[in-house]
Amino acid sequence: MTSVQDPSLTVPTPRAREPRGSVGLARNLGLVIALVILCVVGVVTAGDRFASTDNLITILRLATVTGIIAVGMTFVITGGGIDLSVGALVALSSVWATTTGTQAMADDIGWVAMVFSAVLVGTVCGAINGLLVAYGRVVPFIATLAMLASARGLAEVIADRKTQIIRNQGFTDFFGAEPLGIPVIVIIFALVTMAGWFLLNRTTFGRRTFAVGGNPEAARLAGIKVQRHTAYLYTLLGTTCGIAAVMLMSRTTTGSSTHGTQLELDVIAAVVIGGTLLSGGRGTIVGTLLGVLIFMTLTNVFTLNNLSTSTQNVAKGVIIVIAVLLQQRIANRKP
Amino acid sequence: MTSVQDPSLTVPTPRAREPRGSVGLARNLGLVIALVILCVVGVVTAGDRFASTDNLITILRLATVTGIIAVGMTFVITGGGIDLSVGALVALSSVWATTTGTQAMADDIGWVAMVFSAVLVGTVCGAINGLLVAYGRVVPFIATLAMLASARGLAEVIADRKTQIIRNQGFTDFFGAEPLGIPVIVIIFALVTMAGWFLLNRTTFGRRTFAVGGNPEAARLAGIKVQRHTAYLYTLLGTTCGIAAVMLMSRTTTGSSTHGTQLELDVIAAVVIGGTLLSGGRGTIVGTLLGVLIFMTLTNVFTLNNLSTSTQNVAKGVIIVIAVLLQQRIANRKP
Amino acid sequence: TNGSDGGDDTSAAVGKSNTDNDKSGDTVTIGFSAPAADHGWMGAITKAAVAQADQYDDVELKVAEGTNDVNLQISQVETFINDKVDAIVLLPFDGAAMTSVARKAMDAGIIVVNVDREFDSPFAARTTVLGDNYGMGVSAGTFVCEDAAGATDKIVTEIAGIDSLPLTQDRSRGFKDALKSCGLKVSNRVAAEFTVESGEKAAANLLQAAPKIDYLWNHDDDQGVGVLAAINNADRDEFTMIGGAGSADVMESIRAGDSVLKATVVYPSTQAADGVKLARLLVQDKAMSDLAEIEVPRQLKLSAPVVTAENVDQYLPSAFRS
Amino acid sequence: MAHPTTAPLLEMRGIVKQFPGVRALDGVDLVVRAGEVHCLLGQNGAGKSTLIKVLAGAHGVDEGTILWQGEPVSFADPQAALATGIATIYQELDLVDGLSVADNIFLGHERARGGVARRAEMNRAARDLLATLGHSEIRPTREVGSLSAAGKQIVSMARALSRNARVIVMDEPSAVLDPDEVDGLFRVVGDLRASGTAIVYISHRLEEIRRIGDRLTVLKDGATVASDLPAKDTPTSELITVMTGRTVSSVFPRRSAPLPDGSPALSVDGLGRTGEFAGVSFDVRPGEIVGLAGLVGAGRSEIVETVYGARRATSGTVRVGGRALRNGSVDAAVRAGLGLCPEERKSQGLILDDAVYRNISLASIGRFSRFGLSTDGAERQAAHDAARSVDIRPDAPERIIRTLSGGNQQKAVLARWLLRSCKVLLLDEPTRGVDVGSRAEIYALIRQLADSGVALVIVSSDIDEVLGLSDRILVIAEGAVVHDGPSDAIDAHGVLDHILATHEHDQQEDVA
Ligand SMILES: Nc1ncnc2c1ncn2[C@@H]1O[C@H](COP(=O)(O)OP(=O)(O)OP(=O)(O)O)[C@@H](O)[C@H]1O
Ligand SMILES: Nc1ncnc2c1ncn2[C@@H]1O[C@H](COP(=O)(O)OP(=O)(O)OP(=O)(O)O)[C@@H](O)[C@H]1O
Ligand SMILES: [Mg+2]
Ligand SMILES: [Mg+2]
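Protein chains in written order, with our numbering: chain S, 21 to 355; chain B, 21 to 355; chain A, 44 to 365; chain D, 222 to 733.
I should point out that these hints are in silico values taken from the structure, not numbers from a laboratory.
Yeah, the Cβ is synthetic: ideal placement off N, Cα and C, and Gly gets one too.
Keep in mind that a hint or two might mislead.
Unchecked claim - Heads up, simulated SDA-like pairs for lysine to any residue below, C-alpha to C-alpha not over 20 Å straight-line:
1) A:K147 / S:T192
2) A:K105 / S:T192
3) A:K255 / B:D68
Unchecked claim - Simulated coverage check for chain D against chain B, where a stretch passes if three residues somewhere in it have a Cβ under 8 Å from a Cβ of chain B:
4) 231 to 237
5) 507 to 516
As the list claims (entries may be wrong) - Residues from chain D that face chain S, not an exhaustive set, calculated with beta carbons under 8 Å:
6) A531
7) V551
8) D552
9) L583
10) I586
11) G587
12) G593
13) L594
14) S595
15) D685
Just chain S, with the same shape it has in the complex:
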């Protein structure tokens, strides 16, 4: 019908260069360099204590919670939103999944019940965020701030401000296992990251996410259901919060309303350092992963060197700024 295939209209031209690709690489290159510098500092100051498999696993294990949520957050921010409630969702999911009721159910039908309820609670809360933002048209910042307050409050009410201890042996055994020396939770982190990368870069869902974040009006006029897609994005993030809650439950063997306190800033910082634009339309999972690893390695190197919290904080701020400036210089260099 249309003339796309009409040979008379197509002029053969050599393939163009790929500036986008190279800019993407250069941006990640900056992060990789930052990470490498950090590792060098780690090796120089802490030697084998830093450069050991055990320590690497420690870093990765620490990264699971932030990292899994950061994958979901990459979608939301790329889609033009923001979510401040992630820490509270982790708390609520962990509390819900460890109530005596849920644990009794888990004893009957298996530990999957706990995993299922954590993920379900995260997903439902994420969906509520999504509905408020997409259909209620509440600014994401406010909608998710409200969710932050409510979800943490609800977690406290449910847990009655007590730490709920996981007594289900199956749960502890499964997530505490280390096949081939790699902890199960690290494997799950890797799987979530790969799934996120695939979803963002290789599926129509990912393509729509970029479009919705880049120019929602243009996306709408091109026939994309922008509202529904936005709701999906927050729901997806809620799901990753639920998964992260399971990771934290496994690490701490508890559910608690204090879990995930101030996690939101860490997660957003990692995503943004990773090169995802806060204004939407651009985001990379690889960058996010690097961002998470940089923060975690930083903390690890600090701990290995016995720095005081205060000094650490001062240094952290300075290092973040230097890293970003460095990264910019590299990204802006002519390819």
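Given the coordinates of chain S, assemble chains B, A and D with the ligands onto it according to the supplied hints.
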């Protein structure tokens, strides 16, 4: 059908019904209604304990810190930025202004030395934020997050994590005074708010702030030095943080590295609820003031009714969402 | 030595016990991890632990970043395990949440000394040094009961600490139970966040909520500075205030007797220092010299005494500066 | 300043401007004298806007010199150029939506005392400037965001006037104006010229250049290919040849075969939106082109957007192939085979920071996927083919679309719907800002689409264009269809008569 006043008009907007102006009024109307409802609830549930001059003054006194910073934050957000470091700046300013050194100086040359150093520290840190964002081109979120870490760390190092008690009697007397029954700090809050309103709405600086936030490229093409202006905005916010630190010092008679913990979210929430667009280009000081008062009154009413923190949180989230939805319905109604 | 000179009183306090056990022995590496020192009492805990370690030339103390993020604190303990330290002194942000990693350390042959917030498994620590949070509440409540002398119409209010922490719940429960025994109850309760600012804010609202008060128990002397500021701002002095934790400033104020503050309940800030001492003994296979027992006990519960104008001089030297 | 001098006021020599991967200007010369209207011609992407941005200090220059009254100058920022006396009306509207008209006009050179804005004075001055432009109905206190595109253009002009500049550069100022307004603009330009101001005028409409131009400079591929041509009497064919390097003929391709009878592809019945338009009914058969004519602000965009489901209709129905569309659902419309090239390509049509090919394939994401998995290679190839079929220059589908010239961006939006194979295509101002050469190509494309059986609805403020392309014309005035008939039975005057009749009728009602 519609009527064109003059057929020769070539930009006939018969139904173009002054959307912006009336929306502005309606938006504030929504906030005023929310505040009134809150007050009614307060009177019904707590009676005279709520509706007393003392209680009103208590609310206003509590509002000073958040409120003064919110005025500065309105400028930064209207100018297209964001600042997460405000709480840390309050901490650092308060600590710096209450070190034994500064207090000794204050004993020599008067308590103004303390006020001066608090404001100076806030201003300088704000300026650093501004330089990083405007000239270093670091995303505001990241630049100010780095400042948050560094400033709080530095405050801890300086204070050695101790609470520094203000022993200067002149300082305590001046800011503790209540001429005509109105505390000095409330008067200062009122003055800052009025100055902010004037600056935003009646000066060249204010007009340019809207331009820089609304369309930075257009502002640049109009000959405005966008980078310099952006740097000024953060500096201004830093100054308000310094002033807020003085208010907090007066209220608590201490300087401490824990002052202003998580203040940033409260401040930003108040500004955004007040109708300032997070994407920049639109902001109102009156809206911000209403936003601050709503949050403070909410906490007050909750406490008067002896609600637990958890219940408060759950309710707060729900109320925020309802308020925003309500406000939207009013703003979108045909006038 | 004494706290009123503004010196580093806590470290002075840790030095005063001297026994044969303090003679130098094999070098001991101890890992130390505690919640964020964003609070006077918690800061004093870490400082006392470091000062205690400095007293020994055979102790190397590795101090990890104080944190309120259990995930990070677990990772710190994992790092200690990787480093193969001899002992870990652990003041968990949340005892239950740190249990499994502490157990992992024990399984790896590391001696774990649990401080203040208890693990939920006896296998996770060799010995436990506990403050008595429930006891704190009981002490404060008992003080109120005695002071009220049988009157049951007194208005008692409470400013709690961070409400989502189990220790706050324990304190409130103890307070309530003790009050119940003499027919009183808490009429208004607000929670602050262990900071001066939050104390001021919570107290300002509370004073509006309760126009007349007879007793006010404030869980924490750090936030107490803010509470007192709010009381001064509101010009209220009709009630008796009881503090918590036992900071030097509060004790001085009690001694001076010039404010509503009449008493405070001590919550020892030397617990971690004791933890370090015990860890060293355990690694070096020594016993507690004042006990006949040849093993270090499984648990030590420190008492929560009430400090009033009468006995303040006795406690002031070991008080911490907030 | 009173009379024109012959010494050049402004000279640009050998200007080179390099963007990453593109040499946008490659040795441009431009000589402007006081008191002349100097026209700048060139195809989309020739470098006109880049040149004037260099002149305005908005872009730095890589090579070349700028002489102002014989003295070399360099403009580090827009402030410097403005201070020298060069004011610019940019192609992309550069106003701040949240500010009032007066604030926008005086942005950057506010009337103020000690930093305090003198609002009354600025409002008064703004009112005077708008009156000079013949638009005293635009109130200075009104927020610019609430103005139509044409209104914004007027404000931009008022702003340039407010600078009292010696050179005023206008980059396609007439693109969003209708004939009346263009007349008003030309009157002002004439006055300025008479007072010795030099005007640099950029437009793709040759008839405008004939009317007001004095001299011409033609750019091609970033270089000056002709200069000092007389604007009034250089033959059109010669201009087009210099500009495009080829000859372009037959501007409006006519239908080759008579329109086949058939059931309507699109039928709109009694469509209305409260306060915007009412009772709009028309049918479009496969292969038919229906044009909506009318003045700016008549409500044509609203009608088209409502048909498309982008706005919710308050009355009436839209049927595609006999099946009613769900009201207010773009998604349903697209699935039924509708496509829309929106009026504001930047805000409504494009994801500016994304690659060209991804913008083109935006509406066809689903087509290049299997089980939700996208096949990037096939998508890229198909989009690239579509881009070539509308001749987007440069032929680099990976380029970020923001860096393309306006005309080429417009073509990318067209290519989007070619790729999607729609049954009904709604084109709102399809040739706004498009050069003569490309315009002919777009016309040919539209014709080709119609011949292949696509039903088309075209909205254009260029009455000749609507008349030339369409089979049938609807004249819209004030939200109502005031005329419906075949295009060969009416001419431009007829259209205007219909519109004016409505206005007069309205006025009488008002009086009554
Ligand atoms: N910021 C930029 N980055 C990269 N390339 C650019 C940029 N701006 C313009 N270009 C390129 O420079 C060339 C000239 O563009 P310009 O906008 O000056 O064309 P124009 O003559 O104004 O076209 P039109 O008539 O369509 O407005 C084009 O190839 C365009 O893609
Ligand atoms: N979002 C909106 N809010 C308020 N008024 C609007 C809005 N969109 C359009 N209008 C007004 O509706 C009227 C008609 O709109 P518009 O200019 O799109 O008509 P048009 O006939 O399509 O003109 P054009 O030739 O520019 O396409 C105008 O007066 C415009 O100001
Ligand atoms: Mg152009
Ligand atoms: Mg239109």
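Given coverage of the segment 231 to 237 of chain D by chain B, checked by CB-CB distance under 8 Å (3 or more):
violated (count 0)
Is the interface hint satisfied for D:V551? The criterion is a beta-carbon contact with chain S at less than 8 Å.
Holds - the Cβ of D:V551 comes within 8 Å of chain S, reaching about 6 Å at its closest.
Identify whether the interface hint at D:G593 stands, where standing means a beta carbon of chain S within less than 8 Å of its own.
For D:G593, the interface hint holds, since the closest Cβ of chain S sits about 5 Å away, which is under 8 Å.
According to a criterion of three or more residues whose C-beta lies within less than 8 Å of a C-beta of chain B, is the segment 507 to 516 of chain D covered?
Violated: only 1 residues of the segment 507 to 516 of chain D have a Cβ under 8 Å from chain B.
Per-residue hint verdict: D:A531, partner chain S, C-beta under 8 Å
Because about 6 Å separates D:A531 from the closest Cβ in chain S, which is inside the 8 Å limit, the hint holds.
Holds or violated: the hint that D:L594 contacts chain S, with Cβ atoms closer than 8 Å.
Holds: closest Cβ of chain S sits about 5 Å from D:L594, inside 8 Å.
Under 8 Å, Cβ to Cβ, is where D:D552 needs to be relative to chain S, so tell me if that hint holds or is violated.
holds (5 Å)
How about D:I586: closest beta carbon in chain S under 8 Å, or not?
holds (5 Å)
Given hint S:T192 paired with A:K147 - CA-CA distance at most 20 Å
Distance ~13 Å between A:K147 and S:T192 Cα, so the pair holds.
Pair hint outcome, A:K105 versus S:T192 [Cα-Cα no greater than 20 Å]
violated (30 Å)
Against chain S, is D:L583 within 8 Å by beta-carbon distance?
holds (4 Å)
Report holds or violated for the interface hint on D:D685, using the least CB-CB distance to chain S and a cut-off of 8 Å.
Cβ of D:D685 sits 25 Å from chain S, so the hint is violated.
In summary, the structure is inconsistent with hints 2, 4, 5, 15 from the numbered list given earlier, while agreeing with the others.
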